[in-house]
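*Asks:* What follows is each chain in one-letter form.
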Amino acid sequence: MIRVVLPIHLQRLANTGREVELQVDGQVTQNSILDALEIRYPMLRGTVRDHVTKERRAFIRFFACGEDISLEPSGVPLPEPVANGKERFMIVGAMAGG
Amino acid sequence: MSNVRVLVGTRKGAFILTSNEKRKKWNVTGPHFPGWEIYHVNGSPVDPKRLYASQSSGWFGQLIQRSNDGGNSWEAVENKFTYEGDPGTHQTFDGTQQPWVFKRVWNLTPSLADPDTVFAGVEDAALFRTADGGKSWQELPGLRSAKGHLWQPGAGGMCLHTILLDPGNPNRIFIAISAAGAFRTDDGGQTWLPINSGLKSNFELPDPTAEVGHCVHNLAMHPTRPGVLFMQKHWDVMRSDDAGGTWHEVSGNLPSDFGFPIAVHAHEPETVYVVPIKSDSEHFPPDGKLRVYRSRKGGNEWEALTKGLPQEDCYVNVLRSAMAVDKLDSCGIYFGTTGGQVYASADSGDTWAPIVRDLPAVLSVEVQTLP
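Keeping their order, the protein sequence lines are chains R and W.
Each residue of the first sequence is one higher than the one before, starting from 1 at the first, in my numbering.
Each residue of the second sequence is one higher than the one before, starting from 1001 at the first, in my numbering.
Here chain R stands alone, though its shape is the one from the complex:
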């Protein structure tokens, strides 16, 4: 199972805890994780990435294995520790604004 950490506002929206577990079939990429997330929690569609273009929203960042992977291509396989559930895929709201 893939472990995904959500920011507080999306936890409340989806009525979940901080971490959710997702079954991802095939390669584990940013895209496949977000596809699975949006199927499981349809209310999150459009909140992490654009409905149509699928681009990450500007103030959202992705972290895994201690690295900011936000700018990595969204279709590239993620590190093995994320794919096997040892490390978490973190969706983070950037620190900005007041």
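Bear in mind the hints are in silico, worked out from the structure with no lab data behind them.
All residues carry an ideal CB built from backbone N, CA and C; glycine is no exception.
Hints are not guaranteed to be accurate.
Claimed, not checked - Calculated Cβ distances over 10 Å to all of chain R for the following chain W residues:
hint: 1; residue: Met1001
hint: 2; residue: Ala1076
hint: 3; residue: Glu1211
What the hints assert, rightly or not - What follows is a set of in silico ranges between Cβ atoms, one per label pair, in the way DEER data are often shown:
hint: 4; chain 1: W; residue 1: Tyr1315; chain 2: R; residue 2: Val92; range: 32 to 40 Å
hint: 5; chain 1: W; residue 1: Gly1288; chain 2: R; residue 2: Met95; range: 30 to 38 Å
hint: 6; chain 1: W; residue 1: Asn1068; chain 2: R; residue 2: Pro79; range: 40 to 48 Å
hint: 7; chain 1: R; residue 1: Ala58; chain 2: W; residue 2: His1149; range: 24 to 32 Å
hint: 8; chain 1: R; residue 1: Thr16; chain 2: W; residue 2: Asp1047; range: 38 to 46 Å
Add chain W to chain R, keeping to what the hints say.
*Replies:* Same frame as chain R, now just chain W:
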């Protein structure tokens, strides 16, 4: 005994204020959706328990929330707003063309006949409609054909912020966009006519009497007289007696004719309310005195309403969607400030008192009069 429910949208959540017809003691719930910008909360006139809220954030984008129980519980409904076809471009501050990009929903106006039908005014300016309670949204693209390439953003964005439905003609809708102007459809939204004749924007437009491009801040009408419209423009308070065909200025003796909201008394179609703001570069009341101005003659002759409002050192703003009236026999007027106060008057504006004083900056105020 009747009740009132005041729906308040703020920079950091929604609040619901309820009282009985005396409007002395208030129950406050919230924040609903804490931390989110709530541009608008509005209720269905035919099913007052049905509420819709526009919830947005710079981080997570736009959400639409729906309640079937008067705001006790909410469910997120469809938040996908896609322009019909290729939306093309609009003007921007430097005169260049920019592509249309959806940013947020400013206004949610439920149908006068069907709680599942709601109109949504969005930024970049367009009008959407749902007929299934928010499960899907479709644009009415004919509006953008009304010289949309000449529209441009005001300081708050290129937003469709006002929607008025004609109670006597379901095919007639008035909308206003900053900075494009006012528009009217007479065929249910298929085609739209700019209704800006008589507006003069001497400081904002190269052609002060241009057909489109005016920074209209808000429109108001009385439901029994939908052909008479009142407008708070960037500068100037205006009136039309022919459904927007022509406008004439009714600013009269106001201390400033700059402002944002405008409202009409529930039972007196010639009684109008505005909140003068010093200028477009100083968004606070003149002289530090928070005054609502009332005209009982449809404009031109205005009186300051001050009892219960701060008359010194007050430098808040009142935004365009932040004033509303109830329909009780003694008409109530409500407005919210960027300082987080929501003031209420239960006597048509003669006296005022704060319902709450310390909310986040208020973006919108609507009122439901409940049986």
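*Asks:* Could you run down the list of hints and mark each one as holding or not?
*Replies:* Results of checking the hints against the structure:
1. Met1001: holds, 36 Å
2. Ala1076: violated, 4 Å
3. Glu1211: holds, 32 Å
4. Tyr1315(W) / Val92(R): 32 to 40 Å: holds, 37 Å
5. Gly1288(W) / Met95(R): 30 to 38 Å: At 36 Å between Cβs, range holds.
6. Asn1068(W) / Pro79(R): 40 to 48 Å: Given a distance of about 45 Å, which is inside 40 to 48 Å, the answer is holds.
7. Ala58(R) / His1149(W): 24 to 32 Å: holds, 26 Å
8. Thr16(R) / Asp1047(W): 38 to 46 Å: Between Thr16(R) and Asp1047(W), where Cβ atoms are some 31 Å apart, the hint is violated.
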